[in-house]
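Hints in hand, dock the two standalone chains.
Residue numbers (my numbering), protein chains in the order written: chain E, 1 to 207; chain A, 208 to 491.
Read the hints as simulated data drawn from the structure, not as lab findings.
In this text, a Cβ means the ideal position worked out from N, Cα and C, and glycines have one as well.
Errors might be hidden in some of the hints.
As the list claims (entries may be wrong) - Here are the simulated DSS-like pairs of lysine-lysine, each with C-alpha atoms no more than 30 Å apart in a straight line: (1) E:Lys122 with A:Lys283; (2) E:Lys112 with A:Lys438; (3) E:Lys122 with A:Lys481; (4) A:Lys283 with A:Lys314; (5) A:Lys237 with E:Lys122.
To be verified - Just the calculated beta-carbon pair ranges, DEER-fashion: (6) E:Ala22 with A:Tyr307: 30 to 36 Å; (7) E:Gln61 with A:Ala251: 25 to 31 Å; (8) E:Glu19 with A:Thr452: 54 to 60 Å; (9) E:Ile12 with A:Lys259: 33 to 39 Å; (10) A:Asp455 with E:Arg196: 23 to 29 Å; (11) E:Ala114 with A:Ser346: 25 to 31 Å; (12) A:Asp232 with E:Arg199: 56 to 62 Å; (13) A:Ser311 with E:Met63: 18 to 24 Å; (14) E:Ala114 with A:Ala240: 48 to 54 Å; (15) A:Glu262 with E:Ala72: 20 to 26 Å.
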Amino acid sequence: MNREREEAVQRITARYVEEVRAGHRPNISDYLARYPLYTDEIADFVAYYHAFEVNLPEEAQSMPVISGQFQAAIEAAWERVVPTRAHSTRTITSLLGTASTLQLGVSQLAGKLAVSVDILMKLERHAIDATTIPGELIKQLAEALQQPTQVIQAFFGMSQGRQVAETQAVYLLDGQAQSFREAIEESAQLSEEQRRSWRSILDQEKL
Amino acid sequence: MLCLEKVSVIVKQELAQSVEDHDRDSELVKRRASLAAIYDALPAYGSTAYWKTLEARGDTILPLEVLVRCVRHAIKCGDDLGRKRVFEVIFCRTYNSNEYWANSVLKTVNLQADEQYTLLSDLFADLCECMMRALMDSSRLFWEENFQHCLSFERRHVFRTFMTREGRWTKQPLKKTARIPRALLDSLDHPVQQLEGDVHEIRIEDEMAQKALLAVEHSDLPRLILSLPDKLKTVVLLIFWEGKTEKDTALVLGITDRTVRNRLRDALEILRHKLEPEREWLYE
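This is chain A alone, in the form it adopts within the complex (with noise of 0.2 Å):
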């Protein structure tokens, strides 16, 4: 009976998805018709009244994602003038938001103040030839219709790449593991004394990370994650972020309670110093 419930539930739960699903591909081709429509409109290339549209603020303003197959016809009619201005537009109007980011990359290290100068003008550059180069590759089409998630991306991978470069972020391998006896295992769930020598140690020093992390500001959270090696990254952001138990991650990822917890051991022993701060706050 219980069986039949839960069936009925997941049942349930699958229509009410693909309706989700449904209205969301009818908004995405009422979206791209939209955007073409805008596209086809605009005046004829090059003339006076194309560009007064594409440069225009307020009500009038252009779709970025159209700006991005202005882009794309300019190139295709080779003029490179008329490339660089409509990049011109596109860079002037996501500059508040390439800026303020650029800063906020630059505050999660410490740097002097000429650093700070030189770094802010390298990641700027950075960032504004990965958007020339998406740009410009026509086959990047999702560009043309969700223009600031694809700089999102981008932003995402200019900042891996500097924070790799600067030498700020070794990727840290994802440890093989061995396989944990269950004895073993299971005597992490007994008292502390029943624990002896560097095992003992490890144990106290992986409660306190973790009590550090829940202590952690929420908001804080995810600039700590992203240092971790992809596996270790999700399940931390399950059960720190999300605040699912090890059982229900275990269930999410498809992996057993036992993964769970070694990545979970793995990543509390990454973060353990970038956590120090917070520890000593916790035991003051």
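Only chain E is shown next, with the shape it has when bound in the complex (with noise of 0.2 Å):
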């Protein structure tokens, strides 16, 4: 959703929550008729307002006291938007995650990367073998992500030797770790164009 399109809805629907509020019940489906062009961004906030926003306590009127745990969570948080000297190795956890908070969804991102969502996922999921991967992908991912591409090596355990040996221990527990050859060859969803030309990336590569 852009950003216009994003504010179109949110004021739309900050008025059902306002009549919410209100003690009243209003009618979804008035709002449906009434923003036709909306109807499916509409309806989502609505489920997700009534799932697991509409109980949410009130601000206290006394500071709250925010929890070691909390306090660490929004550390870890101002870290990853402004990170500090001491910490200048960026780090990420996770590239839908990374990809979330610039507003890109993750077929967005598979579309960017030319690759699929399923492949997307398996590398989200350090499910395929990271001396495989083409360091063109690891560059399309940095421009993508807008990270440098260190802190993508970084995410699959390229940068150090021991992280590559942990990351490969992982892969073998678990007994899923494939190349990233492999998974192209499997995709369904990848189309032929796509698949050509990894193939042919992974050949340049010698991967």
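Structural data, given as structure tokens:
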């Protein structure tokens, strides 16, 4: 959803929420009929709102004390947004999570990388042997996620020998490790053109 | 005559709607002006009085929307420490609801205690990160108007990403259903004995799923609906949450009755396995 569309949906659903908070039971159908361009987004938000938001506590009058666990989580978030010099080697723990902070969905990221969603999910779950991933894909991931290539390499455990060894051990335990080439050959979602293109890249990189 | 009456009702409804819109617009203008006035009345940026005002509680508490403008002003001034200090106030003030939200999300998945602890931290960190990025992005103006609603959207975004990333929620692609001959569709309305073989079984299963869905607590329905693809979500929401008929649902969505039934059937098919406990209870 682009920014403009998102704001339009936010303004519409804000009215719905306002009505609920005022103790009314607004008709979703009225909103859907009135804004036919946004039916899916409105319905999705309404379902989410009633599932998770409607009973959230109001802001407390006194300043709450943030638990150590949550304080650490806030610090971790700071580190991701504004890395300090002491931690100049940035890390990411999730490709999809990083993409999401850039408002990039799973299929959008897959599209940018010219891979299919199933391959992207395998990469996310470290289900592909890191040593078989082509440099071209690392480069494209770095560009798409706006991260240095070292950060992407670190995600796959490529930057330090020890990490690679650890990663491989995890693969062996899971028994699910496969090469990038196997993943592209196996994928039912990858187009033939994309498959050909990755084959040629893998050949060039002798992988 | 009937038609004229209908037209008159529609015109009256539209008029009432436009009056309502007008009222809402003027309320919005008032709210914007009031928020701007509060922001403009703040003490000089960075002074002791400024921070005292920002960190005040009780009656003098600042609207969160004003704090968003303060974050953005600190960024404009290149004041990293100031930015962090405003963020700390915002995180503190939203802590209770964010903590409650994170716990509610994790309650929907079966987890071991240690896994729960780690994922709670991850979820909270993800939310804080998204909040930071959104508040630091001065093009996202709605945060300066309705903070809580934008926060709800951000939480929804984090929820979706989390469920997908953790593999708890694989996005189900919407199947392109083949067009079903009208005769066959009509036959679904006839008694079960007219159907044969597999079709018989599917029909029964869907009926069970439908009954089970009706037996689900009303407040639990949205969580089930959330896991459906968008197109199916809307239909289930209108029929099971709002109690609309298939005909009315078709009218609201501008689609045919047949499409409504197809979508409903697809939705029940997806929800069937999630409804197993309700079914067991239903047929005990």
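Checklist entry - Taken at face value, is the distance from the CA of Lys122 of chain E to the CA of Lys237 of chain A at most 30 Å? => result Roughly 51 Å separates the two Cα atoms, so the pair is violated.
Next on the checklist: Holds or violated: the 30 to 36 Å window for the beta-carbon distance between Ala22 of chain E and Tyr307 of chain A?
Outcome noted: 22 Å, violated
Checklist entry - For the pair Ala114 of chain E and Ser346 of chain A, does the Cβ-Cβ distance stay inside 25 to 31 Å? => result 29 Å, holds
Next on the checklist: Range first: 48 to 54 Å. Now tell me if the beta carbons of Ala114 of chain E and Ala240 of chain A are that far apart.
Outcome noted: Check passed, 50 Å falls within 48 to 54 Å.
Checklist entry - Is 33 to 39 Å a correct range for the gap between the Cβ atoms of Ile12 of chain E and Lys259 of chain A? => result 38 Å, holds
Next on the checklist: Does Lys438 of chain A sit within 30 Å of Lys112 of chain E, going by the straight-line distance between their CA atoms?
Outcome noted: With a Cα-Cα distance of about 25 Å, the restraint between Lys112 of chain E and Lys438 of chain A holds, given a limit of 30 Å.
Next on the checklist: Just to be sure I understand the hint, the distance between the Cβ atoms of Gln61 of chain E and Ala251 of chain A should be within 25 to 31 Å; is that true here?
Outcome noted: 28 Å, holds
Next on the checklist: Next pair to validate is Lys122 of chain E with Lys481 of chain A; report whether the Cα-Cα distance is within 30 Å.
Outcome noted: Holds, at about 26 Å.
Next on the checklist: Next pair to validate is Lys122 of chain E with Lys283 of chain A; report whether the Cα-Cα distance is within 30 Å.
Outcome noted: 41 Å, violated
Checklist entry - Lying within 23 to 29 Å: is that true of the beta-carbon distance Asp455 of chain A to Arg196 of chain E? => result Once the Cβ atoms are compared, 50 Å apart, the range 23 to 29 Å for Arg196 of chain E and Asp455 of chain A is violated.
Checklist entry - Is 20 to 26 Å a correct range for the gap between the Cβ atoms of Glu262 of chain A and Ala72 of chain E? => result With a Cβ separation near 22 Å, Glu262 of chain A and Ala72 of chain E satisfy 20 to 26 Å, so the hint holds.
Checklist entry - Does the Cβ distance between Asp232 of chain A and Arg199 of chain E fall inside 56 to 62 Å? => result 58 Å, holds
In the structure shown, a violation is registered for the earlier hints numbered 1, 4, 5, 6, 8 and 10, in ascending order.
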